[in-house]
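Visitor: Make a model of the complete structure from these sequences and hints.
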Amino acid sequence: MTELSRPLTNEGTAQDGAGAPAVLLRLADVSKNYASDGQVVRALAGVSLEVAQGEFVALVGRSGCGKSTLLNLAGAMDFPTAGRVLLDGVATTGLDDVGLTRLRREKVGFIFQSFQLLHTLSVVENVELPLLLAGQARAREIAEERLEWVELDGLSARMPHQLSGGQMQRVGIARALVHSPRLLLADEPTGNLDTTTGNVILELMRRIVRERGTAILMATHSLEAASLSHAVVRMRDGRIEEVVRR
Amino acid sequence: MRRLAIFYRLILRPLVRDPWRTGLMVFAVAVGVAVVLAIELAGDAAAGSFRSSVETLSGNTNLEVTAAGGVPEEVVGRLAGLPYAIEIHPRIEDFAVVGDTGQTLPLIGLDLIAEFNYAHPAVNVQAGDQEDALRDLDDMESVWVGKRLGRKPGEKIRLMMNDHTREYTVRGVFDDEHEGGSVIVMDIAAAQHELGKLGRVDRVLLRVPDEPDLGVWEKRLQEVLPAGVQVRAEGSGREENQRMLAAFRWNLRVLSYVALVVGAFLIYNTISVSVVRRRPEIGIVRALGASRGAVLLAFLGEAACFGFLGALVALPLGRLLAAGAVKLLAATVDALYVSSRPGPTELTATGVVLAFAVGLGVAIVSAMAPAREASRVSPVEAMARGQREYAARVHKWRDLGIAASLAVAAVVSSRMPPIAGTPFFGYVSALLLIGAAAFAIPVLVDGMTRLSSQWLKKLLGVEALLASRSLAGSLRRTSVLVAALATAVAMMTSVGIMVGSFRQTVLRWMNGQLPADLYLRPAEDPAANRHPTIDAELAGKLAKLPGVSSMDKFRGYEISYQGMPATLGGADLTVLHDFDSSDFVSGSDPTKVLEELRRPDTAMVSEPFANKHHVKKGDRIVIPAGERKAVFRVVDVYYDYASEHGVIIVDWATLQKYWPDPAPSSVALYLAPGADLNTVRREVETAAAGTNVVVLLNRDLRAEAMQVFDRTFAITYALEAVAIFVAVMGIAGALLALVIDRRRELGLLRFLGAATGQVRKLILVEAGLLGILANAAGLGVGILLSLILIFVINKQSFGWTIQFHWPVAVLVGGLTFVYVATVLAGLYPARMAVQLNPIEVVHEE
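So the sequences go chain by chain: A and B.
The numbering used here puts the first residue of the first sequence at 1, with every later residue one more than the last.
The numbering used here puts the first residue of the second sequence at 1, with every later residue one more than the last.
Derived by calculation from the structure, the hints in this document are not laboratory data.
As the structure is a prediction and not an experimental result, all values here were calculated from the model.
The C-beta atom is built at its ideal place from N, Cα and C for all residues, glycine as well.
Some clues are possibly wrong.
Per label pair, the in silico range of CB-to-CB distance [to be verified]:
#	chain 1	residue 1	chain 2	residue 2	range
1	A	GLY191	B	ALA287	23 to 33 angstroms
2	B	ALA287	A	LEU95	16 to 26 angstroms
3	A	VAL90	B	THR756	36 to 46 angstroms
Below, in silico cross-link-like pairs of lysine to any residue (SDA-like), each with a Cα-Cα straight-line distance of 20 angstroms or less [said to hold, decoys possible]:
#	chain 1	residue 1	chain 2	residue 2
4	B	LYS458	A	ILE142
5	A	LYS107	B	ILE839
6	B	LYS458	B	GLY757
7	B	LYS327	B	MET706
8	B	LYS544	B	ASP676
9	B	LYS629	B	ASP175
10	B	LYS152	B	ASP175
11	B	LYS396	B	VAL408
12	B	LYS458	A	ARG138
13	B	LYS457	A	GLN136
14	B	LYS544	B	MET706
15	B	LYS457	A	GLU144
16	B	LYS457	A	LYS107
17	A	LYS107	B	THR756
18	B	LYS219	B	VAL408
19	B	LYS219	B	LEU198
20	B	LYS541	B	GLN562
21	B	LYS458	A	ALA137
22	B	LYS457	A	ILE142
23	B	LYS457	A	SER222
24	B	LYS457	A	SER156
25	B	LYS457	A	MET159
26	B	LYS396	A	SER156
27	B	LYS147	B	GLY102
28	B	LYS592	A	LYS107
29	B	LYS457	A	ALA157
30	B	LYS156	B	GLY102
31	B	LYS457	A	ARG138
32	B	LYS458	A	LYS107
Going by beta-carbon spacing under 10 angstroms, a handful of chain B positions derived as facing chain A [what the hints assert, rightly or not]:
#	residue
33	LEU459
34	GLY461
35	VAL462
36	GLU463
37	SER468
38	LEU471
39	LEU752
Guide: Structure below.
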């Protein structure tokens with residue numbers, strides 16, 4: 001285990017001992033290889049990382065450094081080639097497709113750079129979709145609550161193309177929160193937004209951590225975005241190069 | 001060169017990269033073209049290059065002499081006495097059944113002594129000295145057979161003619177390679193005797209000198225012949241038959257194009273999708289200097305690729321299908337029209353040209369609209385707006401307006417009269433109706449998916465909501481797919497209703513027409529133009545059996561009326577029980593009609609006859625009858641579904657007056673009160689022992705008639721099945737395209753917590769919804785189309801009045817089949833959807 005891979009909770013933002021927040025996400029010596037045109041491409045190499053409950057962690061680095069791969073492994077969308085990924089104590093490698101789906105439904109929410117709303121569904125229908133897929137009751141009611149929380153309560157009947165970029169991303173956030181996940185994974189959430197709107201979204205994400213106690217792991221190119229997080233994990237060539245705590 | 005480069009990069013390369021979808025599309029076009037080709041080839045073989053099977057061994061003759069009921073023998077003498085150098089070939093043309101094989105073959109009676117002198121091929125093969133040969137020729141028990149029958153000279157052969165069987169000796173075998181099938185030849189005197197045609201011959205073929213021309217010869221000879229005998233060009237009968245079969249062939253031909261119409265929708269859809277997918281590329285090549293024309297040609301070229309490859313595959317496929325279709329067609333032609341023998345199904349140069357013309361034509365025409373749309377794309381718009389443009393470009397209310405206009409045009413067209421006996425405007429009306437439906441479908445799809453999405457969500461879960469929204473979201477694509485499948489369903493529904501109605505009408509008609517308990521007729525296979533006879537003495541004997549209360553008899557002759565074949569029949573009207581008032585078009589009291597018909601020189605005609613020849617109650621019809629012309633007053637028009645080419649019925653006494661031959665073609669026996677059916681049947685069989693007469697119970701005759709009916713429409717069902725197959729295959733291809741185009745959305749669902757089973761269910765529900773929408777639209781259009789088929793196309797083509805009937809079981813079965821097939825068509829695309837890697841597809845952008 002490298003120094004960079006030491007648990008973040010040991011570096012100040014979280015607390016040790018009995019009062020320390022529980023570790024929500026643990027990547028232990030994780031590697032991920034892809035086959036491309038017959039060649040093995042190493043996307044992650046021996047990465048270890050822990051994210052505690054209620055923590056806002058930014059992953060920064062150049063394109064292709066492994067940020068998105070790390071997010072996909074953290075979100076139980078993919079298996080590591082080596083090492084272990086534990087989400088709320090559950091190892092993803094031990095799960096089949098059904099188990100992974102259940103884990104995502106219960107523990108993880110995703111926010112995307114290009115919002116990824118379904119254009120055939122209204123705003124509220126987009127938000128309630130994860131609950132409906134999970135077969136949960138009161139989906140509409142909860143979706144309306146989340147929209148209210150992201151301050152879009154008057155727009156629930158609109159279609160996505162009737163919204164601005166910032167509004168679309170807030171719908172994306174409401175959708176990511178709708179099933180009260182313990183971990184939010186955000187891939188360049190402000191990448192398609194102007195600075196002002198991006199700042200609004202970042203503030204909203206800080207509010208999520210603050211008020212809901214949800215952990216966020218955010219991949220970003222923006223140093224401004226990273227500066228608002230509790231910790232910045234700098235990545236390079238599939239490895240964690242540096243962890244900066246505030 | 002630049003255009004070629006654009007075409008290769010923009011069009012060909014993606015086609016090669018997507019072999020499954022390209023293959024499916026090519027196959028869909030190929031099946032559509034193959035069906036058209038198969039029907040054309042099979043139609044040509046069974047009916048087009050039509051030869052009635054008795055028109056064989058006609059040699060190098062150029063005129064023929066005919067008369068209703070046969071040419072009097074003295075006419076042959078009169079012709080022989082003329083001071084012209086004419087070859088005269090009198091003939092008996094009938095059929096015989098080979099005893100040991102049951103094969104029905106044409107039997108030609110020739111004046112063999114004369115033919116020997118003319119070196120007729122049938123008798124010219126005689127080996128040995130001339131004296132022996134002449135002795136054989138004169139022998140009443142000698143026959144000559146075609147090589148294909150596989151008999152050797154000296155062999156015995158049992159032949160059944162009319163109601164009796166006799167053994168003959170094969171005297172010679174001749175080359176029948178160019179005759180379309182085997183033939184039996186016997187001396188004309190023997191044939192006349194065996195077939196009860198003493199004193200007359202069926203046809204006299206003439207070879208007149210080349211100068212003056214045939215028209216002059218016709219006129220010259222007609223002047224010296226009796227009024228009831230007609231001289232015309234040899235082969236006129238063939239032309240008459242071709243005219244008679246024209247409507248049948250046209251209807252079949254039109255039906256064969258249905259699969260192609262379905263294919264056209266699918267090409268339209270494929271090219272539309274192609275345009276949408278490549279919108280950014282179009283923008284780029286336009287920005288780099290490609291002209292609108294180059295883009296238009298590139299997409300038309302894509303369609304042409306489908307058309308060309310489809311036609312290429314269609315050639316062997318069509319040839320193969322034709323071989324199967326020709327048997328069905330020949331059976332129908334035999335049962336409904338005339339005994340014929342199908343020619344070989346050959347893929348001619350015309351067939352190849354037809355396949356490529358149809359394949360390329362339908363592909364290019366279907367692609368025209370999306371290709372034009374592609375050419376109008378402005379570079380900036382294309383690069384900026386991307387795929388959402390596809391959904392935005394549906395103008396559903398404008399389309400509904402077009403649909404209404406087309407529907408009005410369809411109604412107007414359906415009211416127009418036929419052109420030369422062809423229901424041209426009926427076909428136009430059907431096509432306009434399909435067009436109207438295609439334009440109305442976007443509103444239907446949009447309305448139905450919107451109204452039902454929440455209800456579907458409750459019933460089938462969130463996958464149904466996503467499916468219905470997705471269909472509504474890609475309205476144009478969905479509408480085209482629904483239109484394609486709906487066209488096939490509409491055809492299935494309309495033909496199902498038409499055939500079901502026709503069947504029910506025939507069944508109801510038979511209840512009135514077949515009231516007797518037992519029916520007798522010679523045992524050879526029944527055919528529309530063959531009227532073998534039963535010995536008159538036997539008929540008389542049967543009428544006197546103790547268990548028989550009365551007997552109807554019928555005698556038929558095949559005649560030519562105003563250049564079309566028709567049946568002239570005589571019935572014993574003193575005992576005729578067959579009619580009630582609903583059987584007459586006028587609704588008249590049958591007692592009065594039959595009473596009037598017993599007066600001299602009156603006739604009633606069947607509905608198809610009346611419609612074909614524009615004859616109505618009170619008109620007079622003229623039939624050439626040997627030495628004179630018979631003029632009959634039409635007392636009424638009766639419904640008849642037994643013959644398409646029309647029947648004239650006169651009283652038995654009237655028939656005997658002009659055609660004195662007491663032998664009936666069939667008899668119907670009514671049981672005396674209290675008589676036991678089986679006992680009477682045994683008595684009848686005993687009385688008919690030694691003759692080749694079949695005794696049929698009422699129910700047997702009905703079953704036989706319905707068997708012929710069902711066989712007639714077997715080809716129709718086969719064509720419908722092909723159209724549905726093409727449509728379902730198109731749905732599978734389109735769903736595959738849909739999965740590819742919506743892969744980002746499907747991947748996203750996995751991120752949002754969808755299980756693989758839910759993604760699979762989503763695609764299958766979409767397939768199911770397409771099936772339901774197509775079934776609903778197809779059923780509606782099909783019902784309207786059935787009205788056009790029954791009341792316009794059928795009426796104008798064949799002249800039958802068909803009572804509308806709902807064949808509920810057939811419709812429910814058909815629609816269920818289509819629905820299940822559509823859902824099954826979603827299985828492979830669903831599997832593809834499940835196998836998508838969500839990480840790859842979501843991050844593709």
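Visitor: It remains to establish, for every hint, whether it holds in the given structure.
Guide: Results for each hint:
The hinted range of 23 to 33 angstroms is satisfied by A:GLY191 and B:ALA287, whose Cβ atoms lie roughly 26 angstroms apart. At about 49 angstroms, the CB distance of B:ALA287 to A:LEU95 disagrees with the hint of 16 to 26 angstroms. Between A:VAL90 and B:THR756, the C-beta spacing of about 20 angstroms breaks the proposed range 36 to 46 angstroms. Of the pairs offered as hints, the one joining B:LYS458 and A:ILE142 holds, with about 18 angstroms between alpha carbons and a cut-off of 20 angstroms not exceeded.
The suggested pairing of A:LYS107 with B:ILE839 holds, with an alpha-carbon distance near 18 angstroms, which does not exceed 20 angstroms. Taking the CA atoms of B:LYS458 and B:GLY757, the gap is about 18 angstroms. The hint holds against a cut of 20 angstroms. About 19 angstroms separates the Cα atoms of B:LYS327 and B:MET706, which keeps this hinted pair within 20 angstroms; it holds. Straight-line distance between C-alpha atoms of B:LYS544 and B:ASP676 comes to about 16 angstroms, which keeps the hinted pair within the 20 angstroms bound.
The suggested pairing of B:LYS629 with B:ASP175 is violated, with an alpha-carbon distance near 40 angstroms, which exceeds 20 angstroms. For the hint pairing B:LYS152 with B:ASP175, the CA-to-CA distance comes to about 13 angstroms; that is within 20 angstroms, so the pair holds. Under the criterion of a C-alpha separation no larger than 20 angstroms, the hint pairing B:LYS396 with B:VAL408 is consistent with the structure, at around 18 angstroms. Restraint check for B:LYS458 and A:ARG138: satisfied, since their Cα atoms lie roughly 13 angstroms apart, inside the 20 angstroms limit.
A distance of roughly 13 angstroms separates the Cα atoms of B:LYS457 and A:GLN136; the hinted pair therefore holds under the 20 angstroms criterion. Distance restraint check for B:LYS544 and B:MET706: the Cα-Cα separation of roughly 31 angstroms exceeds the 20 angstroms cut-off, and the hinted pair is therefore not satisfied. The straight-line distance between the Cα atoms of B:LYS457 and A:GLU144 is roughly 18 angstroms, inside the 20 angstroms bound, and the hint therefore holds. With a CA separation close to 25 angstroms, the supplied pair B:LYS457 and A:LYS107 exceeds the 20 angstroms bound.
Restraint check for A:LYS107 and B:THR756: satisfied, since their Cα atoms lie roughly 18 angstroms apart, inside the 20 angstroms limit. Taken as a hint, the B:LYS219 and B:VAL408 pair is broken in the structure, with Cα atoms around 51 angstroms apart against an allowance of 20 angstroms. For the hint pairing B:LYS219 with B:LEU198, the CA-to-CA distance comes to about 28 angstroms; that exceeds 20 angstroms, so the pair is violated. With a C-alpha separation of about 39 angstroms, the suggested pairing of B:LYS541 with B:GLN562 is violated against the 20 angstroms cut-off.
For the proposed pair B:LYS458 and A:ALA137, the alpha carbon gap of about 12 angstroms is at most 20 angstroms, so the pair holds. Between B:LYS457 and A:ILE142 the CA atoms are separated by roughly 18 angstroms; this keeps the pair inside 20 angstroms, and the hint holds. Between B:LYS457 and A:SER222 the alpha-carbon distance is near 41 angstroms, which puts this suggested pair outside the 20 angstroms criterion. Simply put, B:LYS457 and A:SER156 have alpha-carbon atoms about 18 angstroms apart, close enough for the 20 angstroms limit, and the pair holds.
Among the hinted pairs, B:LYS457 with A:MET159 is consistent with the structure: their alpha-carbon atoms are about 19 angstroms apart, no more than 20 angstroms. Annotation: proposed proximity of B:LYS396 to A:SER156 is violated, straight-line Cα distance about 26 angstroms (limit 20 angstroms). Restraint check: the Cα-Cα separation between B:LYS147 and B:GLY102 comes to about 18 angstroms, which is no more than 20 angstroms; the hinted pair holds. Of the supplied pair hints, the one linking B:LYS592 and A:LYS107 is violated, its CA atoms being roughly 92 angstroms apart against a limit of 20 angstroms.
Of the supplied pair hints, the one linking B:LYS457 and A:ALA157 holds, its CA atoms being roughly 17 angstroms apart against a limit of 20 angstroms. Restraint check: the Cα-Cα separation between B:LYS156 and B:GLY102 comes to about 15 angstroms, which is no more than 20 angstroms; the hinted pair holds. The hinted pair formed by B:LYS457 and A:ARG138 meets the criterion: a straight-line CA distance of about 14 angstroms does not exceed 20 angstroms. Between B:LYS458 and A:LYS107 the alpha-carbon distance is near 26 angstroms, which puts this suggested pair outside the 20 angstroms criterion.
At a threshold of 10 angstroms, the smallest CB-CB gap from B:LEU459 to chain A is about 14 angstroms, leaving the interface hint violated. Taking 10 angstroms as the C-beta cut-off, the interface hint given for B:GLY461 holds, the closest approach to chain A being about 8 angstroms. At about 4 angstroms, the closest approach between the beta carbon of B:VAL462 and any beta carbon in chain A falls short of 10 angstroms, and the interface hint on this residue holds. A distance limit of 10 angstroms between C-beta atoms decides the matter here; for B:GLU463 the minimum to chain A is near 9 angstroms, and the interface restraint holds.
Taking 10 angstroms as the C-beta contact cut-off toward chain A, the hint placing B:SER468 at the interface holds, the least distance being around 9 angstroms. Restraint check, B:LEU471 versus chain A: the minimum CB separation of about 9 angstroms is within 10 angstroms; hint holds. Residue-level restraint check for B:LEU752 holds (minimum Cβ-Cβ distance to chain A is 5 angstroms; threshold 10 angstroms).
Checked against the numbered hints given earlier, this structure breaks hints 2, 3, 9, 14, 16, 18, 19, 20, 23, 26, 28, 32, 33; the rest are met.
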